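Based on the provided sequences and hints, a complete structural model is requested.
Chains as they are written, first to last, in the working numbering: chain A, 1 to 293; chain B, 294 to 586; chain C, 587 to 879; chain D, 880 to 1172.
These are calculated hints, taken from the structure and not from any lab test. Quick caveat, the model's predicted, so the values are computed rather than measured. Do not rely on the hints blindly, as some may be mistaken.
If you only want the chain B side, here are some residues facing chain C, beta carbon under 8 angstroms, derived [to be verified]:
#, residue
1, THR387
2, GLN395
3, VAL398
4, SER445
5, ASN448
Glycine included, C-beta positions come from ideal geometry on N, C-alpha and C.
Residues per chain are reported as follows:
There are 4 protein chains.
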Amino acid sequence: MGKQDSKISSKNGGKAKGNQGAPRLGRKDYEAALAPMLLELMQVSRWLAHTNKRLLVIFEGRDTAGKSGVIHAIASALDPRRCEVVALSKPSDTEMTQWYFQRYVPHLPAGGHVALFDRSWYNRAGVEKVMGFCSDEEHERFLREAPLFELSLVNDGMLIFKYWLTVDQAEQEARFAERLADPLKRWKLSPVDVVARTKYAEYGKARNAMLKATHTAHAPWTLVDFNDQRLGRLTLIRHLLDHLPDQAVPEQRFEMPPLKGKPARESFSDAHRPISAFTSPLFSPLDIANSND
Amino acid sequence: MGKQDSKISSKNGGKAKGNQGAPRLGRKDYEAALAPMLLELMQVSRWLAHTNKRLLVIFEGRDTAGKSGVIHAIASALDPRRCEVVALSKPSDTEMTQWYFQRYVPHLPAGGHVALFDRSWYNRAGVEKVMGFCSDEEHERFLREAPLFELSLVNDGMLIFKYWLTVDQAEQEARFAERLADPLKRWKLSPVDVVARTKYAEYGKARNAMLKATHTAHAPWTLVDFNDQRLGRLTLIRHLLDHLPDQAVPEQRFEMPPLKGKPARESFSDAHRPISAFTSPLFSPLDIANSND
Amino acid sequence: MGKQDSKISSKNGGKAKGNQGAPRLGRKDYEAALAPMLLELMQVSRWLAHTNKRLLVIFEGRDTAGKSGVIHAIASALDPRRCEVVALSKPSDTEMTQWYFQRYVPHLPAGGHVALFDRSWYNRAGVEKVMGFCSDEEHERFLREAPLFELSLVNDGMLIFKYWLTVDQAEQEARFAERLADPLKRWKLSPVDVVARTKYAEYGKARNAMLKATHTAHAPWTLVDFNDQRLGRLTLIRHLLDHLPDQAVPEQRFEMPPLKGKPARESFSDAHRPISAFTSPLFSPLDIANSND
Amino acid sequence: MGKQDSKISSKNGGKAKGNQGAPRLGRKDYEAALAPMLLELMQVSRWLAHTNKRLLVIFEGRDTAGKSGVIHAIASALDPRRCEVVALSKPSDTEMTQWYFQRYVPHLPAGGHVALFDRSWYNRAGVEKVMGFCSDEEHERFLREAPLFELSLVNDGMLIFKYWLTVDQAEQEARFAERLADPLKRWKLSPVDVVARTKYAEYGKARNAMLKATHTAHAPWTLVDFNDQRLGRLTLIRHLLDHLPDQAVPEQRFEMPPLKGKPARESFSDAHRPISAFTSPLFSPLDIANSND
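Below, the structure is given as structure tokens:
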């Protein structure tokens, strides 16, 4: 392992150091490794559409682990008309009184679709347990019920993958600090996060109880190391692809015969002309041009 | 203008040439100009939440013009819990029989929210008109009704912006060819597109009729030149920001007191260990390390 | 009129006296007059389905006037698969921030359907105005906007009828007292009702302002006297029928050929036998048999 | 039993003869026995609201058995804001590809609510099986899955009752003939019904297989004899009440202090006067008055 480590770190110079000083996968390495996987994902999507099969992927893990990043990477390769990212907010008062799984069920994938769950019913085994948002009795019942619920889905033919993204606390702390410093990311922080970060050990304990109860033959968990987020994404996507059937379905191809005649330009009435940075007084293109100086 | 052009093109070397040979804004210039605008957008979002105001932005324009790109840029700066991207697929059989605006109404923004419409009710003034998916009578009625519908929203206090993204045909053709060549983008192409590209002039004519009928004082159109997509994005976002109130609302800030004790590491039972590219046989890290060779 | 009055009262003996002592339409007279109208309603429903037209009927009026009774009578003659009774509860916090008409729009009828609105957007011109649940500015804006909203629906081809059910206060008081006395009807009473009954005059005033602003050529109001509920129902339904096209659409008919062989009886395993009042110890059939003694 | 039989038949003269000549419960006996049960149902509803408990009642049975009649009787005693009648139409193309239970789940009762299912997921064990709308494999999987699905609901605290309404074929035939003859009921007949009636035995066989597989300790079936619909309703409601806790929750009571002053009469502007059968030319009140002659 050391060999590869050094190779990567040498490739990316000092830039690819992680928050803890460990070497990290550089952006170019990442993109080069990712590109062929995205093509494979797209083929999976075609295969699902062709066979009307359903794919459900659950992403759980610690705050800052990188759930939304890997979900975004996967979704970018899929036809959005057949891919739903499901990130439910906290339950409403009415939902709190319903069957625990009820609010998730409408988001389960239909035939030919992929549903990517950014958190899921496993909230009850994580944040709800640790922060005291459910009773012990509810927590225990959930651990008994979840495998049966998932079994019913699997028996119905649904493909289910469950990933839990791991990250060490030092790395998590570094990411929290980054978020706090970045005005574009700060909205992600909530009072619950501030409390949650002090409960690192409790979250780990709750996760282990969850694994013990809900790691089943029909719907196993896979833990993925996300201390290096890029590497984590590659690992997770590779794992997913390796556990899906590898069946090529031919793409529908279109011909684009040459246009007749010269390509037209936009033509406008005097009343409506497009604005652009170079023609509009709205802002100075010079500012743009100088922005790298 | 020439001055700026040359400046930009010199900065970005040969890479920033557009499909038609025109100089293009380079990625770094783009990102440098975009960053402060994203902060302003985030402030807008906070202001909306604070005042419970609603913001509706409609994006229309030619195929390939870059609607989803600019929508993605804007959405990236907004709290996803209060920002919806609305891209409806074609109407169902039932929806076809309903009040024309009915299927759009549930997606209008609630208080404090932003709705970004990737296409909208103006489908009827564009693709439906040009491709013959509606009757002339329906088209004409729509042109009469849309301003009244929007007036009702504006009278109710909603902020509405309508952008139409322009692109010359040569540029559009180049982008279609790119999509056809890129397996990750090909799914965006449909048989309708293949026909639509031969109707460039008809789309322009339909747009001009639309502008004439629906460019109103209460909900005016703004055309934005998207022959250079990055420049188009900056132009559009700048325009949007300059037409929204510039009222700072203080951010809710969190303290992150230092943790007590040494940061923990993930600890697992033997049964569950995270996989990673370096420890798992799933794929060879060497392949990654070599990917830039 | 006196002649008919006496005729009816003589027919029904003392029973058909209204709360204020006025003669009332007896149940048998009512049912006899209603039956042929229900057949006509059913034909309307078939005509709607055949032509894919949409019918929206709004029922407003004073508390206890009899909205749900007449709605129930109409709905009983229509295929429930193409008839929706829409009785929205008070708006949620989110709905309060939306475009005023937004929460009603999803319930507008689709092609071939009838929507019967038990209260409607006119809440703002009635209870909201009288009880102070909206501002004067919102009330006035509503009175301006409602006709335009309805015009858009009518221009889209929707058939709209608006009925306001009238009842004198003495009659209303009598009905409130009945509800209070009847344990099966008491749930209909709410604290708002208790206050509302003291505001009879204000409701009348608000109604008159509503009529002035929203009684339009494209969507006129019809007031119907519901001091006698049965008579009111007949009046309203007759009015509705007389203002809808009278076009017969042939019914789809089924043949029911005779069964071959002797009709079977239910047959059960020993483990499962149906219960009935005569075979089950659950309650004594004697109690039933004696109930009329 | 013979004694009660004769008593009832003597009470109701010749009218209360059933289609097969058996004595039937007369309307007055029925209403007298029903009234106190409706009060008990209303108390159940208050108890559910008070405890936030959920009640799910499933009604299955043969065509014409009387499901909607008994559902209507029960619903009439419950606050409609906390009682949903769920009668789903056949699954859409998308729903056909989903988890079998998915389309039913959104209709499960929330806290304090009653859901009355007019048909249910047991369609698969009845009409779908008999008419060949599902495969044998799907049918068998359903019989295995339904008890587990229901167990999850029961473990979550939901109260579940499952009733199957029985009717002999001669009675069913008589009711089909009545429907065919009654223009107000004919819409209930569909081509599927016409075929279904020839498959009486197959439905019975399918029901017995269903009972064998899904009559569980946690969610047992109760068969109810509906050859006499009124008697069946009483039997079913009595059974339901006897299996629910008998806990009184005090009613919220309102005071209705006397109004000050003389009750007002409706007052209108000249432009708007209510119509009524006696004042409007729409139809002749004489027709009504004479209707019983």
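Taking the hints in turn, this is what the structure says about them:
no.	hint	result
1	THR387	holds, 5 angstroms
2	GLN395	holds, 6 angstroms
3	VAL398	holds, 4 angstroms
4	SER445	holds, 6 angstroms
5	ASN448	holds, 6 angstroms
In this structure, none of the earlier numbered hints is contradicted; all agree with it.
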